[in-house]
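Asks: Here are the chains, one letter per residue:
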Amino acid sequence: MFQGQSGWFSGSVSRELRQFWVAEGGTVSDSRAADFLFSCDASHPDTLRIYESLDYIEDNATIFHAYYLSAVANAEIKNSVALGHFILPPSCLQKEIRRKIGSFIWEQDQNFLIEKPEEI
Amino acid sequence: ATENCSKILKYRCSGCIAVGKPLNSRNFSKLLHSCPYQCDRHKVIVEAEDRYKSELRKSLICNKKILLTPRRRQKLNNES
Ligand SMILES: [Zn+2]
Chain U
597 MFQGQSGWFS GSVSRELRQF WVAEGGTVSD SRAADFLFSC DASHPDTLRI YESLDYIEDN
657 ATIFHAYYLS AVANAEIKNS VALGHFILPP SCLQKEIRRK IGSFIWEQDQ NFLIEKPEEI
Chain R
42 ATENCSKILK YRCSGCIAVG KPLNSRNFSK LLHSCPYQCD RHKVIVEAED RYKSELRKSL
102 ICNKKILLTP RRRQKLNNES
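Protein sequences, first through last, are from chains U and R.
Under the numbering used here, read the first sequence as residues 597 to 716, first letter to last.
Under the numbering used here, read the second sequence as residues 42 to 121, first letter to last.
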């Protein structure tokens with residue numbers, strides 16, 4: 597699935613998701629060289645650094661929430677998961693965005709990807 | 042999976058349906074900007090990010106240096 601693609605992983609991304617990326621053929625590289633930028637926490641210092649980079653300002657660096665990978669892992673057809681639903685905006689914008697569109701898809705996904713306990 | 046499918050149907054802009062295309066962190070923002078019919082969801086995100094980027098660009102020009110001082114960075118995060 598990720599053959600020939602390189603990814604950068606924030607320290608906020610779990611080892612499992614990174615391992616899934618590698619298991620699917622992806623390689624891990626630094627944030628300047630990577631095709632994909634994954635983070636689970638927009639306020640993590642390593643992620644903040646990207647939001648302040650020229651790459652980001654010039655529209656060359658979209659950070660995606662690493663739950664994209666768990667959505668892929670859980671999908672019946674792996675390439676049916678829309679990457680575009682997993683944009684991770686800077687944390688200072690999230691409140692405002694949430695006010696306008698409700699929760700992010702990766703916030704909703706979090707709920708159904710993690711096995712929910714049956715009790716209410 | 043059904044939930045996922047209905048989501049895909051619900052948000053049909055190029056940011057949403059570009060499944061299987063060679064999208065990545067490097068080209069996604071440009072694709073979204075070139076999409077004439079952004080869905081509400083992507084429109085809101087793009088607008089917010091663009092505003093953030095132009096603020097940042099302005100402050101870079103003001104400072105006349107690429108690296109922001111930590112103090113300035115803090116201020117930027119607290120704004121908006
Ligand atoms: Zn969309």
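Calculated from the structure, these hints are not laboratory results.
From a predicted model like this one, the values you see are computed outputs, not experimental measurements.
All residues carry an ideal CB built from backbone N, CA and C; glycine is no exception.
Errors might be hidden in some of the hints.
As the list claims (entries may be wrong) - For each label pair, taking beta carbons as the anchor points, the in silico distance ranges come out as:
id	chain 1	residue 1	chain 2	residue 2	range
1	R	LYS99	U	VAL618	38 to 46 Å
2	R	PRO77	U	GLN704	36 to 44 Å
3	R	ASP81	U	SER639	31 to 39 Å
4	R	SER95	U	GLU672	40 to 48 Å
5	R	ASN104	U	ILE673	44 to 52 Å
6	U	GLN615	R	PRO77	19 to 27 Å
7	R	HIS74	U	GLU703	34 to 42 Å
8	R	PRO63	U	SER610	23 to 31 Å
9	U	ALA671	R	LEU101	35 to 43 Å
10	U	SER676	R	LEU72	26 to 34 Å
Asks: Are the hints correct? Go through all of them and say.
Replies: Right, here's what the structure says about each hint:
1. Separation of LYS99 (chain R) from VAL618 (chain U) is about 40 Å and conforms to the stated range, judged on CB atoms against 38 to 46 Å.
2. Judged by the Cβ atoms, the range 36 to 44 Å given for PRO77 (chain R) and GLN704 (chain U) is violated: they are separated by roughly 27 Å.
3. Remark: the range hint 31 to 39 Å for ASP81 (chain R) to SER639 (chain U) is contradicted by a beta-carbon distance near 25 Å.
4. Taking 40 to 48 Å as the suggested C-beta distance range, the pair SER95 (chain R) and GLU672 (chain U) conforms, at roughly 41 Å.
5. At roughly 48 Å, the beta carbons of ASN104 (chain R) and ILE673 (chain U) sit within the given window of 44 to 52 Å.
6. Between GLN615 (chain U) and PRO77 (chain R) the beta carbon distance is about 39 Å. The supplied range of 19 to 27 Å is therefore violated.
7. Checked against the hint of 34 to 42 Å, the C-beta distance between HIS74 (chain R) and GLU703 (chain U) comes to roughly 24 Å, which is inconsistent with it.
8. In this structure the hint that PRO63 (chain R) and SER610 (chain U) lie 23 to 31 Å apart at CB holds, the actual value being about 26 Å.
9. Range check, ALA671 (chain U) to LEU101 (chain R): Cβ separation about 40 Å, and the 35 to 43 Å hint holds.
10. Our hint of 26 to 34 Å for SER676 (chain U) and LEU72 (chain R) is violated, since their Cβ atoms are close to 18 Å apart.
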